[in-house]
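Between the sequences and the hints, there should be enough to build the whole structure, so can you do that?
Chain by chain, the residues run as shown.
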Amino acid sequence: MRIQYPTNIRIIRTPCTGKLEVEYFMKAFENGADGVLIAGCEEGGCHFIEGNLLAKRRVNYTRELLKELGLSPERIRMVNISAAMARPFVDIVNDMVETIKGLGQSPLNPKKDNQPNTNTTLEITK
Amino acid sequence: MIVAERKKIPEIVEIIKPHKKVLVLGCGTCVTVCLAGGEREVSIISSALRIAARVNGYEYEIEEHTIERQCDNVFIEEASEIIARNDAVVSLGCGAGVQAIAERYNTKPVYAGLNTSFIGILEERAVWTEKCAACGDCVLHEYGGICPITRCAKHLLNGPCGGSLEDRCEVSPDKPCGWQLIYKRLKSIGQLDRLKQIKPPKNWGKSLAGGSRIIVREDHRI
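Line by line, the protein sequences are chains C and E. Be aware that the first sequence starts at 1, since it is given in the working numbering, and climbs by one per residue. Be aware that the second sequence starts at 1, since it is given in the working numbering, and climbs by one per residue.
Simulated from the structure, these hints should not be mistaken for lab results. Since this is a predicted model, take the numbers as computed values, not measurements. Each hint should be verified, as a subset may be incorrect.
30 Å max Cα-Cα, derived DSS-like pairs, lysine-lysine [unchecked claim]:
{"id": "1", "chain 1": "E", "residue 1": "K196", "chain 2": "E", "residue 2": "K175"}
{"id": "2", "chain 1": "C", "residue 1": "K56", "chain 2": "E", "residue 2": "K175"}
{"id": "3", "chain 1": "C", "residue 1": "K19", "chain 2": "E", "residue 2": "K206"}
{"id": "4", "chain 1": "C", "residue 1": "K56", "chain 2": "E", "residue 2": "K8"}
{"id": "5", "chain 1": "E", "residue 1": "K108", "chain 2": "E", "residue 2": "K202"}
{"id": "6", "chain 1": "E", "residue 1": "K202", "chain 2": "C", "residue 2": "K67"}
{"id": "7", "chain 1": "E", "residue 1": "K8", "chain 2": "C", "residue 2": "K67"}
{"id": "8", "chain 1": "E", "residue 1": "K20", "chain 2": "C", "residue 2": "K111"}
{"id": "9", "chain 1": "C", "residue 1": "K27", "chain 2": "E", "residue 2": "K8"}
{"id": "10", "chain 1": "E", "residue 1": "K206", "chain 2": "C", "residue 2": "K56"}
{"id": "11", "chain 1": "E", "residue 1": "K206", "chain 2": "E", "residue 2": "K154"}
{"id": "12", "chain 1": "E", "residue 1": "K8", "chain 2": "C", "residue 2": "K101"}
{"id": "13", "chain 1": "C", "residue 1": "K111", "chain 2": "E", "residue 2": "K184"}
{"id": "14", "chain 1": "E", "residue 1": "K21", "chain 2": "E", "residue 2": "K7"}
{"id": "15", "chain 1": "E", "residue 1": "K199", "chain 2": "C", "residue 2": "K67"}
{"id": "16", "chain 1": "E", "residue 1": "K108", "chain 2": "E", "residue 2": "K20"}
{"id": "17", "chain 1": "C", "residue 1": "K67", "chain 2": "E", "residue 2": "K17"}
{"id": "18", "chain 1": "E", "residue 1": "K108", "chain 2": "E", "residue 2": "K131"}
{"id": "19", "chain 1": "C", "residue 1": "K27", "chain 2": "E", "residue 2": "K202"}
{"id": "20", "chain 1": "E", "residue 1": "K131", "chain 2": "E", "residue 2": "K21"}
{"id": "21", "chain 1": "E", "residue 1": "K175", "chain 2": "E", "residue 2": "K202"}
{"id": "22", "chain 1": "E", "residue 1": "K184", "chain 2": "E", "residue 2": "K199"}
{"id": "23", "chain 1": "E", "residue 1": "K8", "chain 2": "C", "residue 2": "K19"}
{"id": "24", "chain 1": "C", "residue 1": "K111", "chain 2": "E", "residue 2": "K21"}
{"id": "25", "chain 1": "C", "residue 1": "K67", "chain 2": "E", "residue 2": "K20"}
{"id": "26", "chain 1": "C", "residue 1": "K27", "chain 2": "E", "residue 2": "K184"}
{"id": "27", "chain 1": "E", "residue 1": "K108", "chain 2": "C", "residue 2": "K27"}
{"id": "28", "chain 1": "C", "residue 1": "K27", "chain 2": "E", "residue 2": "K7"}
{"id": "29", "chain 1": "C", "residue 1": "K27", "chain 2": "E", "residue 2": "K196"}
The structure is reproduced here in structure tokens:
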């Protein structure tokens with residue numbers, strides 16, 4: 001299909017979004033990620049039954065933590081998308097990148113320019 | 001077990017911000033089970049504190065460590081080196097753990113990172129409920145195993161109060177009436193006649209009203 005998504009994201013593959021814990025998200029922010037996008041399977045379609053539902057709750061908990069820290073909860077987002085949905089995936093990534101650009105660089109990002117460029121995308125492998 | 005919950009991050013930051021090196025010390029027993037102060041929570045809270053420091057320009061550094069039990073000397077000693085090299089400790093143990101550490105390190109500020117809530121049980125996944133007030137003079141045998149001190153909002157020994165709506169407590173309608181539970185339980189075990197006995201006022205001297213309590217077992221002392 002040759003659809004291109006922004007080059008300023010880094011994809012980290014995990015066996016299932018259920019593998020992701022709150023501390024992983026916090027470490028990503030601590031290490032300077034401007035945003036974290038979690039792309040899990042569609043609800044009801046988890047190979048491990050409820051991994052993506054667990055991830056959703058953990059993402060929500062992390063959003064509350066970010067609020068406590070004075071960071072925008074919009075810096076972390078979970079989406080449900082199947083591996084065959086290339087176009088929606090690109091649209092979602094573009095939308096996330098735009099959101100992060102709107103929020104500006106994370107105060108923890110070691111890079112000094114104002115362009116956010118280290119979004120971290122976590123995607124599951126099917 | 002003892003059930004606790006995490007303090008809000010800004011509250012902890014406010015407590016530790018004058019220090020340079022801070023140890024976040026977890027406890028591997030009760031607070032690990034109630035997902036408040038175990039190894040995982042140490043990692044999450046430490047990350048949050050580091051982020052808060054960099055966002056707000058504070059200079060403290062955070063070190064992480066978790067010991068098996070903070071209320072036990074043997075395990076506290078394991079952490080003595082780590083405690084020594086930090087300026088202050090944020091204990092993610094219960095109130096007993098915080099005080100156990102503080103008593104053993106005279107010159108080290110030790111702060112509570114959790115709010116210790118109650119003695120309770122895991123009701124269902126990630127739901128804990130209070131079951132015991134540690135009153136020091138257990139009366140559970142008289143009430144079918146349901147504690148009127150803990151489960152009745154008015155702590156009535158001669159209930160019910162008459163204010164319940166259906167089986168809900170009039171103080172907190174989201175909770176069941178403790179005395180409704182006691183009645184049902186005594187009925188099902190064939191001990192309803194216990195309710196005919198009038199209970200005298202309870203001796204609260206064995207509870208916290210008599211000051212902090214101590215138990216000594218001479219037969220086990222060396």
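Right, here's what the structure says about each hint:
1. Among the hinted pairs, K196(E) with K175(E) is consistent with the structure: their alpha-carbon atoms are about 25 Å apart, no more than 30 Å.
2. With a C-alpha separation of about 28 Å, the suggested pairing of K56(C) with K175(E) holds against the 30 Å cut-off.
3. Straight-line distance between C-alpha atoms of K19(C) and K206(E) comes to about 48 Å, which puts the hinted pair past the 30 Å bound.
4. Between K56(C) and K8(E), the direct Cα distance comes to roughly 21 Å. Compliance with the 30 Å bound is thereby established for this hinted pair.
5. Between K108(E) and K202(E), the direct Cα distance comes to roughly 41 Å. Violation of the 30 Å bound is thereby established for this hinted pair.
6. The suggested pairing of K202(E) with K67(C) is violated, with an alpha-carbon distance near 46 Å, which exceeds 30 Å.
7. A hinted pair counts as satisfied when its Cα atoms are at most 30 Å apart, and K8(E) with K67(C) qualifies at roughly 11 Å.
8. The hinted pair formed by K20(E) and K111(C) meets the criterion: a straight-line CA distance of about 25 Å does not exceed 30 Å.
9. Between K27(C) and K8(E) the alpha-carbon distance is near 19 Å, which keeps this suggested pair within the 30 Å criterion.
10. For the proposed pair K206(E) and K56(C), the alpha carbon gap of about 47 Å is over 30 Å, so the pair is violated.
11. With a C-alpha separation of about 19 Å, the suggested pairing of K206(E) with K154(E) holds against the 30 Å cut-off.
12. The straight-line distance between the Cα atoms of K8(E) and K101(C) is roughly 28 Å, inside the 30 Å bound, and the hint therefore holds.
13. Between K111(C) and K184(E) the CA atoms are separated by roughly 65 Å; this puts the pair beyond 30 Å, and the hint is violated.
14. Restraint check for K21(E) and K7(E): satisfied, since their Cα atoms lie roughly 20 Å apart, inside the 30 Å limit.
15. Under the criterion of a C-alpha separation no larger than 30 Å, the hint pairing K199(E) with K67(C) is inconsistent with the structure, at around 51 Å.
16. Distance hint between K108(E) and K20(E) is fulfilled; the C-alpha atoms sit about 13 Å from each other, no more than 30 Å.
17. For the hint linking K67(C) to K17(E), the alpha-carbon distance of about 19 Å falls within 30 Å, and the restraint holds.
18. For the proposed pair K108(E) and K131(E), the alpha carbon gap of about 34 Å is over 30 Å, so the pair is violated.
19. Restraint check for K27(C) and K202(E): the C-alpha separation of about 52 Å exceeds 30 Å, so the hint is violated.
20. Between the alpha carbons of K131(E) and K21(E) the distance comes to roughly 38 Å, so the proposed pair goes past 30 Å and is violated.
21. Restraint check for K175(E) and K202(E): the C-alpha separation of about 24 Å stays at or below 30 Å, so the hint holds.
22. Under the criterion of a C-alpha separation no larger than 30 Å, the hint pairing K184(E) with K199(E) is consistent with the structure, at around 19 Å.
23. A C-alpha spacing of about 26 Å is found between K8(E) and K19(C), which places the hinted pair at or below 30 Å, so the restraint holds.
24. Our distance criterion of 30 Å between C-alpha atoms is met by K111(C) and K21(E), whose separation comes to about 26 Å.
25. Only pairs whose Cα atoms come within 30 Å are accepted, and K67(C) paired with K20(E) is accepted, the gap being roughly 25 Å.
26. With a C-alpha separation of about 50 Å, the suggested pairing of K27(C) with K184(E) is violated against the 30 Å cut-off.
27. With a C-alpha separation of about 28 Å, the suggested pairing of K108(E) with K27(C) holds against the 30 Å cut-off.
28. For the given pair, K27(C) sits about 20 Å from K7(E) by alpha-carbon distance, which is consistent with the 30 Å threshold.
29. Note on K27(C) and K196(E): the hinted pairing is violated, with a Cα-Cα distance of about 61 Å set against a maximum of 30 Å.
In summary, the structure is inconsistent with hints 3, 5, 6, 10, 13, 15, 18, 19, 20, 26, 29 from the numbered list given earlier, while agreeing with the others.
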